[in-house]
Amino acid sequence: MRINERRSLWRRVRPYLAVFDPSLTLILLLLMGTGLVTLASASIGIPGKMEDQLRNICMSFFVMWIAANVSPQMMMRVAAPVYAVAVTLLVAVALFGTVKLGARRWLHVGIDIQPSEFMKIAMPMMLAWYFQHNAGSLRWQSFLVAGVLLAVPIGLIARQPDLGTSMLVGAAGFYVIFLAGLSWKMLLGMAVTFLASLPVIWPMLHDFQRQRVMTFIDPLQDPLGKGFHIIQSTIAVGSGGIAGKGWSNGTQAHLEFIPERTTDFIFAVFSEEFGLIGNLVLLLLYLLLIGRGLMIAANAANVFSRLLAGAITMVYFTYAFVNMGMVSGVLPVVGVPLPFMSYGGTALLTLGLNAGILMSIQRHRKLVQT
1 MRINERRSLW RRVRPYLAVF DPSLTLILLL LMGTGLVTLA SASIGIPGKM
51 EDQLRNICMS FFVMWIAANV SPQMMMRVAA PVYAVAVTLL VAVALFGTVK
101 LGARRWLHVG IDIQPSEFMK IAMPMMLAWY FQHNAGSLRW QSFLVAGVLL
151 AVPIGLIARQ PDLGTSMLVG AAGFYVIFLA GLSWKMLLGM AVTFLASLPV
201 IWPMLHDFQR QRVMTFIDPL QDPLGKGFHI IQSTIAVGSG GIAGKGWSNG
251 TQAHLEFIPE RTTDFIFAVF SEEFGLIGNL VLLLLYLLLI GRGLMIAANA
301 ANVFSRLLAG AITMVYFTYA FVNMGMVSGV LPVVGVPLPF MSYGGTALLT
351 LGLNAGILMS IQRHRKLVQT
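Using our numbering, you'd call the opening residue of the sequence shown number 1 and step up by one each time.
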(Lines of atoms letter the chains of each structure in order from A and count residues from 1; the text may use other names and numbers.)
(Lines give C-alpha, C1' and ligand atoms only; values in the text may rest on other atoms or scores of the structure.)
Protein backbone atom coordinates (compact mmCIF):
# COMPACT_ATOMS: atom_id res chain seq x y z
CA MET A 1 0.00 0.00 0.00
CA ARG A 2 2.78 2.38 0.87
CA ILE A 3 4.58 1.57 -2.41
CA ASN A 4 1.43 2.38 -4.36
CA GLU A 5 1.06 5.64 -2.43
CA ARG A 6 4.63 6.60 -3.26
CA ARG A 7 4.08 5.85 -6.94
CA SER A 8 0.89 7.87 -6.91
CA LEU A 9 2.72 10.81 -5.32
CA TRP A 10 5.46 10.61 -7.97
CA ARG A 11 2.83 10.62 -10.74
CA ARG A 12 1.35 13.80 -9.30
CA VAL A 13 4.70 15.55 -8.87
CA ARG A 14 6.37 14.36 -12.06
CA PRO A 15 4.52 16.68 -14.53
CA TYR A 16 5.72 19.71 -12.57
CA LEU A 17 9.34 18.55 -12.55
CA ALA A 18 9.36 17.28 -16.13
CA VAL A 19 9.64 20.84 -17.41
CA PHE A 20 13.31 20.88 -16.39
CA ASP A 21 15.62 19.68 -19.15
CA PRO A 22 17.86 17.08 -17.41
CA SER A 23 21.10 17.90 -19.25
CA LEU A 24 20.71 21.67 -18.94
CA THR A 25 19.65 21.42 -15.29
CA LEU A 26 22.69 19.29 -14.41
CA ILE A 27 25.07 21.78 -16.05
CA LEU A 28 23.44 24.69 -14.22
CA LEU A 29 23.63 22.87 -10.88
CA LEU A 30 27.34 22.18 -11.42
CA LEU A 31 28.00 25.84 -12.28
CA MET A 32 25.98 27.12 -9.33
CA GLY A 33 27.64 24.61 -7.02
CA THR A 34 31.07 25.76 -8.21
CA GLY A 35 29.98 29.33 -7.64
CA LEU A 36 28.84 28.57 -4.10
CA VAL A 37 32.14 26.89 -3.25
CA THR A 38 34.05 29.90 -4.58
CA LEU A 39 31.71 32.37 -2.88
CA ALA A 40 32.15 30.57 0.45
CA SER A 41 35.85 31.37 0.23
CA ALA A 42 35.49 34.88 -1.23
CA SER A 43 32.91 35.92 1.38
CA ILE A 44 34.88 34.87 4.47
CA GLY A 45 34.45 37.76 6.87
CA ILE A 46 31.38 39.04 5.00
CA PRO A 47 28.31 37.68 6.85
CA GLY A 48 25.10 36.87 5.00
CA LYS A 49 26.51 36.39 1.51
CA MET A 50 26.05 32.61 1.37
CA GLU A 51 22.52 32.74 2.76
CA ASP A 52 21.55 35.47 0.29
CA GLN A 53 23.02 33.56 -2.66
CA LEU A 54 21.19 30.36 -1.70
CA ARG A 55 17.98 32.38 -1.64
CA ASN A 56 18.87 33.89 -5.04
CA ILE A 57 19.46 30.40 -6.48
CA CYS A 58 16.09 29.19 -5.20
CA MET A 59 14.40 32.23 -6.73
CA SER A 60 16.26 31.65 -9.99
CA PHE A 61 14.98 28.07 -10.19
CA PHE A 62 11.46 29.26 -9.38
CA VAL A 63 11.60 31.80 -12.23
CA MET A 64 13.14 29.10 -14.44
CA TRP A 65 10.24 26.76 -13.64
CA ILE A 66 7.65 29.44 -14.45
CA ALA A 67 9.33 30.27 -17.78
CA ALA A 68 9.62 26.57 -18.68
CA ASN A 69 5.83 26.27 -18.31
CA VAL A 70 5.16 29.15 -20.73
CA SER A 71 4.87 27.95 -24.32
CA PRO A 72 6.91 29.61 -27.11
CA GLN A 73 3.58 30.47 -28.78
CA MET A 74 2.61 32.54 -25.74
CA MET A 75 6.04 34.19 -25.73
CA MET A 76 5.55 35.09 -29.37
CA ARG A 77 2.19 36.72 -28.63
CA VAL A 78 3.56 38.90 -25.83
CA ALA A 79 6.93 39.75 -27.45
CA ALA A 80 5.87 43.06 -29.04
CA PRO A 81 3.90 44.33 -25.99
CA VAL A 82 6.77 43.41 -23.64
CA TYR A 83 9.24 45.27 -25.86
CA ALA A 84 6.95 48.32 -26.02
CA VAL A 85 6.57 48.39 -22.22
CA ALA A 86 10.34 48.00 -21.73
CA VAL A 87 11.09 50.90 -24.10
CA THR A 88 8.45 53.04 -22.36
CA LEU A 89 10.08 52.33 -19.00
CA LEU A 90 13.50 53.28 -20.41
CA VAL A 91 12.05 56.59 -21.61
CA ALA A 92 10.53 57.09 -18.15
CA VAL A 93 13.96 56.49 -16.61
CA ALA A 94 15.45 59.17 -18.87
CA LEU A 95 12.74 61.63 -17.79
CA PHE A 96 12.03 60.76 -14.15
CA GLY A 97 14.65 58.18 -13.15
CA THR A 98 16.43 58.01 -9.80
CA VAL A 99 20.09 59.04 -9.84
CA LYS A 100 22.55 56.88 -7.88
CA LEU A 101 26.32 57.25 -8.03
CA GLY A 102 26.03 59.61 -10.98
CA ALA A 103 23.91 57.25 -13.11
CA ARG A 104 20.19 57.52 -13.91
CA ARG A 105 19.29 53.82 -14.23
CA TRP A 106 16.43 53.25 -11.77
CA LEU A 107 12.72 53.99 -11.74
CA HIS A 108 10.90 54.31 -8.43
CA VAL A 109 7.51 52.57 -8.49
CA GLY A 110 7.17 51.87 -4.79
CA ILE A 111 10.50 50.10 -5.11
CA ASP A 112 13.47 50.92 -7.33
CA ILE A 113 13.52 48.85 -10.54
CA GLN A 114 16.09 48.81 -13.35
CA PRO A 115 14.16 48.60 -16.64
CA SER A 116 17.31 47.95 -18.67
CA GLU A 117 17.38 44.44 -17.13
CA PHE A 118 13.99 43.69 -18.73
CA MET A 119 15.39 44.62 -22.12
CA LYS A 120 17.93 41.78 -21.96
CA ILE A 121 15.11 39.35 -22.73
CA ALA A 122 12.58 41.73 -24.35
CA MET A 123 15.06 42.61 -27.11
CA PRO A 124 15.76 39.11 -28.47
CA MET A 125 12.07 38.18 -28.09
CA MET A 126 11.01 41.20 -30.14
CA LEU A 127 13.51 40.62 -32.93
CA ALA A 128 12.75 36.88 -33.03
CA TRP A 129 9.03 37.75 -33.35
CA TYR A 130 9.81 40.27 -36.10
CA PHE A 131 11.80 37.79 -38.18
CA GLN A 132 9.18 35.06 -37.61
CA HIS A 133 6.51 37.32 -39.13
CA ASN A 134 8.76 38.31 -42.04
CA ALA A 135 10.37 34.92 -42.64
CA GLY A 136 9.14 34.62 -46.23
CA SER A 137 10.05 38.13 -47.39
CA LEU A 138 13.38 39.13 -45.87
CA ARG A 139 15.19 41.93 -47.68
CA TRP A 140 17.91 44.35 -46.68
CA GLN A 141 15.16 46.73 -45.51
CA SER A 142 14.06 44.08 -43.01
CA PHE A 143 17.48 44.06 -41.40
CA LEU A 144 17.48 47.87 -41.38
CA VAL A 145 14.20 47.90 -39.43
CA ALA A 146 15.64 45.31 -37.04
CA GLY A 147 18.67 47.54 -36.57
CA VAL A 148 16.43 50.46 -35.61
CA LEU A 149 14.50 48.28 -33.13
CA LEU A 150 17.86 47.38 -31.59
CA ALA A 151 19.38 50.87 -31.67
CA VAL A 152 16.56 52.61 -29.77
CA PRO A 153 16.94 50.75 -26.43
CA ILE A 154 20.73 50.63 -26.76
CA GLY A 155 20.80 54.42 -27.09
CA LEU A 156 18.50 54.88 -24.08
CA ILE A 157 20.57 52.52 -21.91
CA ALA A 158 23.92 53.99 -22.99
CA ARG A 159 22.59 57.44 -22.11
CA GLN A 160 22.02 56.42 -18.44
CA PRO A 161 25.06 55.64 -18.68
CA ASP A 162 25.32 51.83 -18.46
CA LEU A 163 27.94 50.53 -20.88
CA GLY A 164 27.84 46.92 -19.64
CA THR A 165 24.07 46.47 -19.97
CA SER A 166 23.90 48.29 -23.31
CA MET A 167 26.61 45.95 -24.60
CA LEU A 168 24.70 42.85 -23.43
CA VAL A 169 21.41 44.08 -24.91
CA GLY A 170 23.22 44.93 -28.15
CA ALA A 171 24.82 41.48 -28.24
CA ALA A 172 21.48 39.74 -27.67
CA GLY A 173 19.87 41.68 -30.49
CA PHE A 174 22.83 41.28 -32.84
CA TYR A 175 22.81 37.50 -32.40
CA VAL A 176 19.16 37.35 -33.47
CA ILE A 177 19.85 39.50 -36.53
CA PHE A 178 22.92 37.46 -37.45
CA LEU A 179 21.16 34.11 -37.04
CA ALA A 180 18.23 35.40 -39.09
CA GLY A 181 20.51 35.49 -42.13
CA LEU A 182 22.50 38.72 -42.04
CA SER A 183 24.89 38.52 -44.98
CA TRP A 184 28.65 38.73 -44.51
CA LYS A 185 28.70 41.75 -46.85
CA MET A 186 26.33 43.65 -44.59
CA LEU A 187 28.28 42.50 -41.55
CA LEU A 188 31.53 43.74 -43.06
CA GLY A 189 29.87 47.04 -43.95
CA MET A 190 28.66 47.45 -40.36
CA ALA A 191 32.17 46.76 -39.04
CA VAL A 192 33.73 49.30 -41.39
CA THR A 193 31.07 51.88 -40.47
CA PHE A 194 31.70 51.31 -36.76
CA LEU A 195 35.46 51.70 -37.12
CA ALA A 196 35.02 54.83 -39.22
CA SER A 197 32.71 56.34 -36.60
CA LEU A 198 35.10 55.81 -33.67
CA PRO A 199 36.50 59.37 -33.91
CA VAL A 200 32.91 60.61 -33.53
CA ILE A 201 31.95 58.15 -30.77
CA TRP A 202 35.06 58.76 -28.62
CA PRO A 203 34.20 62.38 -27.61
CA MET A 204 30.62 61.28 -26.83
CA LEU A 205 31.81 58.82 -24.16
CA HIS A 206 31.78 59.85 -20.51
CA ASP A 207 35.12 60.57 -18.86
CA PHE A 208 35.05 57.37 -16.81
CA GLN A 209 34.30 55.30 -19.93
CA ARG A 210 37.26 56.80 -21.80
CA GLN A 211 39.36 56.21 -18.70
CA ARG A 212 38.41 52.52 -18.71
CA VAL A 213 39.64 52.12 -22.28
CA MET A 214 42.90 53.93 -21.54
CA THR A 215 43.39 51.87 -18.38
CA PHE A 216 42.86 48.69 -20.40
CA ILE A 217 45.56 49.81 -22.85
CA ASP A 218 48.01 50.69 -20.05
CA PRO A 219 46.85 49.84 -16.50
CA LEU A 220 50.24 50.88 -15.07
CA GLN A 221 49.52 54.54 -15.81
CA ASP A 222 47.44 54.61 -12.59
CA PRO A 223 48.34 51.43 -10.64
CA LEU A 224 46.81 52.57 -7.35
CA GLY A 225 43.69 54.07 -8.92
CA LYS A 226 41.93 53.18 -12.15
CA GLY A 227 44.37 50.37 -12.98
CA PHE A 228 44.14 48.70 -9.57
CA HIS A 229 41.29 46.32 -10.53
CA ILE A 230 43.03 44.90 -13.61
CA ILE A 231 46.50 44.66 -12.03
CA GLN A 232 45.34 42.82 -8.91
CA SER A 233 42.99 40.47 -10.75
CA THR A 234 45.66 39.48 -13.29
CA ILE A 235 48.11 38.85 -10.43
CA ALA A 236 45.51 36.58 -8.81
CA VAL A 237 44.84 34.67 -12.05
CA GLY A 238 48.55 34.18 -12.71
CA SER A 239 49.51 33.26 -9.16
CA GLY A 240 47.16 30.28 -9.16
CA GLY A 241 49.59 28.32 -11.30
CA ILE A 242 48.66 24.84 -12.51
CA ALA A 243 46.77 23.44 -9.51
CA GLY A 244 45.98 26.61 -7.54
CA LYS A 245 46.68 27.54 -3.94
CA GLY A 246 43.75 25.60 -2.54
CA TRP A 247 40.31 26.57 -1.33
CA SER A 248 40.36 29.66 0.94
CA ASN A 249 44.16 29.98 0.57
CA GLY A 250 44.13 32.76 -2.03
CA THR A 251 46.20 35.66 -0.74
CA GLN A 252 44.96 38.27 -3.22
CA ALA A 253 41.35 37.67 -2.21
CA HIS A 254 41.75 37.30 1.54
CA LEU A 255 44.14 40.22 1.89
CA GLU A 256 41.44 42.25 0.08
CA PHE A 257 43.53 43.16 -2.96
CA ILE A 258 40.75 41.98 -5.30
CA PRO A 259 37.85 44.44 -5.40
CA GLU A 260 34.30 43.11 -5.93
CA ARG A 261 35.63 39.61 -5.28
CA THR A 262 32.17 38.14 -4.71
CA THR A 263 30.58 39.63 -7.83
CA ASP A 264 32.29 40.73 -11.06
CA PHE A 265 35.76 39.51 -10.03
CA ILE A 266 34.87 36.12 -8.57
CA PHE A 267 36.74 34.47 -11.45
CA ALA A 268 39.98 35.91 -10.06
CA VAL A 269 39.29 34.21 -6.71
CA PHE A 270 38.48 30.93 -8.47
CA SER A 271 41.61 31.09 -10.64
CA GLU A 272 43.90 31.79 -7.70
CA GLU A 273 42.53 28.95 -5.60
CA PHE A 274 41.96 26.27 -8.28
CA GLY A 275 44.55 27.24 -10.90
CA LEU A 276 44.70 26.26 -14.56
CA ILE A 277 43.12 22.86 -13.94
CA GLY A 278 40.09 24.47 -12.28
CA ASN A 279 39.80 27.00 -15.10
CA LEU A 280 39.80 24.23 -17.71
CA VAL A 281 37.01 22.42 -15.84
CA LEU A 282 35.04 25.68 -15.61
CA LEU A 283 35.53 26.35 -19.33
CA LEU A 284 34.30 22.82 -20.06
CA LEU A 285 31.12 23.49 -18.07
CA TYR A 286 30.45 26.68 -20.04
CA LEU A 287 31.15 24.87 -23.32
CA LEU A 288 28.63 22.20 -22.32
CA LEU A 289 26.10 24.92 -21.46
CA ILE A 290 26.60 26.62 -24.83
CA GLY A 291 26.56 23.30 -26.69
CA ARG A 292 23.29 22.24 -25.05
CA GLY A 293 21.72 25.61 -25.83
CA LEU A 294 22.76 25.44 -29.49
CA MET A 295 21.38 21.91 -29.71
CA ILE A 296 18.04 23.14 -28.38
CA ALA A 297 18.10 25.98 -30.93
CA ALA A 298 18.86 23.57 -33.79
CA ASN A 299 15.89 21.36 -32.86
CA ALA A 300 13.45 24.24 -32.30
CA ALA A 301 10.02 24.06 -33.93
CA ASN A 302 9.97 27.41 -35.75
CA VAL A 303 11.95 30.53 -36.64
CA PHE A 304 10.96 32.39 -33.47
CA SER A 305 12.06 29.58 -31.15
CA ARG A 306 15.26 28.94 -33.08
CA LEU A 307 16.37 32.58 -33.11
CA LEU A 308 15.42 33.14 -29.46
CA ALA A 309 17.20 30.00 -28.24
CA GLY A 310 20.28 30.79 -30.33
CA ALA A 311 20.45 34.36 -29.03
CA ILE A 312 20.01 33.31 -25.38
CA THR A 313 22.77 30.73 -25.75
CA MET A 314 25.17 33.20 -27.31
CA VAL A 315 24.37 35.71 -24.56
CA TYR A 316 25.62 33.11 -22.07
CA PHE A 317 28.81 32.96 -24.14
CA THR A 318 29.08 36.77 -24.10
CA TYR A 319 28.67 36.94 -20.31
CA ALA A 320 31.39 34.34 -19.72
CA PHE A 321 33.78 35.64 -22.39
CA VAL A 322 33.55 39.29 -21.35
CA ASN A 323 33.83 38.56 -17.62
CA MET A 324 36.82 36.23 -17.97
CA GLY A 325 38.38 38.62 -20.47
CA MET A 326 38.13 41.68 -18.22
CA VAL A 327 39.37 39.79 -15.13
CA SER A 328 42.33 38.46 -17.14
CA GLY A 329 43.16 41.91 -18.54
CA VAL A 330 42.19 40.98 -22.10
CA LEU A 331 39.15 43.30 -22.19
CA PRO A 332 38.27 46.62 -20.49
CA VAL A 333 36.49 46.44 -17.14
CA VAL A 334 32.70 46.55 -17.52
CA GLY A 335 29.96 45.51 -15.13
CA VAL A 336 29.31 41.97 -16.40
CA PRO A 337 28.96 39.09 -13.89
CA LEU A 338 30.22 35.55 -14.42
CA PRO A 339 27.03 33.61 -15.27
CA PHE A 340 25.61 31.42 -12.49
CA MET A 341 28.70 32.01 -10.32
CA SER A 342 28.81 35.69 -9.36
CA TYR A 343 26.90 36.82 -6.28
CA GLY A 344 23.78 38.81 -7.08
CA GLY A 345 20.03 38.45 -7.38
CA THR A 346 19.02 40.41 -10.47
CA ALA A 347 21.55 38.83 -12.83
CA LEU A 348 20.81 35.33 -11.52
CA LEU A 349 17.07 35.81 -12.01
CA THR A 350 17.63 37.04 -15.58
CA LEU A 351 19.91 34.10 -16.36
CA GLY A 352 17.43 31.68 -14.79
CA LEU A 353 14.61 33.19 -16.86
CA ASN A 354 16.66 32.62 -20.02
CA ALA A 355 17.35 29.02 -19.01
CA GLY A 356 13.63 28.45 -18.45
CA ILE A 357 12.89 29.77 -21.94
CA LEU A 358 15.40 27.30 -23.38
CA MET A 359 13.67 24.49 -21.50
CA SER A 360 10.28 25.57 -22.81
CA ILE A 361 11.58 25.62 -26.38
CA GLN A 362 13.03 22.14 -25.87
CA ARG A 363 9.70 20.82 -24.52
CA HIS A 364 7.75 22.23 -27.47
CA ARG A 365 10.28 21.28 -30.17
CA LYS A 366 7.86 18.87 -31.88
CA LEU A 367 5.12 21.47 -32.28
CA VAL A 368 4.93 23.17 -35.65
CA GLN A 369 3.90 26.81 -35.70
CA THR A 370 2.61 28.00 -39.03
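Treat the hints with care, as some may be off.
As the list claims (entries may be wrong) - SDA-like cross-link-like pairs, simulated, lysine to any residue; straight-line CA separation at most 25 Å:
no., residue 1, residue 2
1, Lys-49, Lys-185
2, Lys-100, Lys-185
3, Lys-185, Phe-143
4, Lys-185, Ser-142
5, Lys-245, Ile-113
6, Lys-100, Val-148
7, Lys-100, Leu-285
8, Lys-245, Ile-277
9, Lys-49, Asn-299
10, Lys-245, Leu-255
11, Lys-100, Ala-80
12, Lys-185, Ser-137
13, Lys-245, Thr-263
14, Lys-100, Asn-69
15, Lys-49, Val-192
16, Lys-185, Met-167
17, Lys-100, Gly-345
18, Lys-49, Val-200
19, Lys-185, Ile-235
20, Lys-245, Lys-100
21, Lys-100, Ser-137
22, Lys-100, Leu-30
23, Lys-100, Ile-154
24, Lys-185, Val-200
25, Lys-245, Leu-30
26, Lys-100, Val-334
27, Lys-245, Ile-235
28, Lys-100, Asn-279
29, Lys-185, Asp-162
30, Lys-245, Asn-279
31, Lys-185, Asn-56
32, Lys-245, Ser-328
33, Lys-100, Met-167
34, Lys-245, Leu-36
Because the hints were derived from the structure by calculation, they are not lab data. All of these numbers come straight from a predicted model, not from anything done at the bench.
Can you name, in rising order, the numbers of the hints this structure does not satisfy?
Numbers 1, 2, 5, 6, 7, 9, 11, 14, 15, 18, 19, 20, 21, 22, 28, 29 and 31 - these are the hints that the structure violates, sorted from lowest upward.
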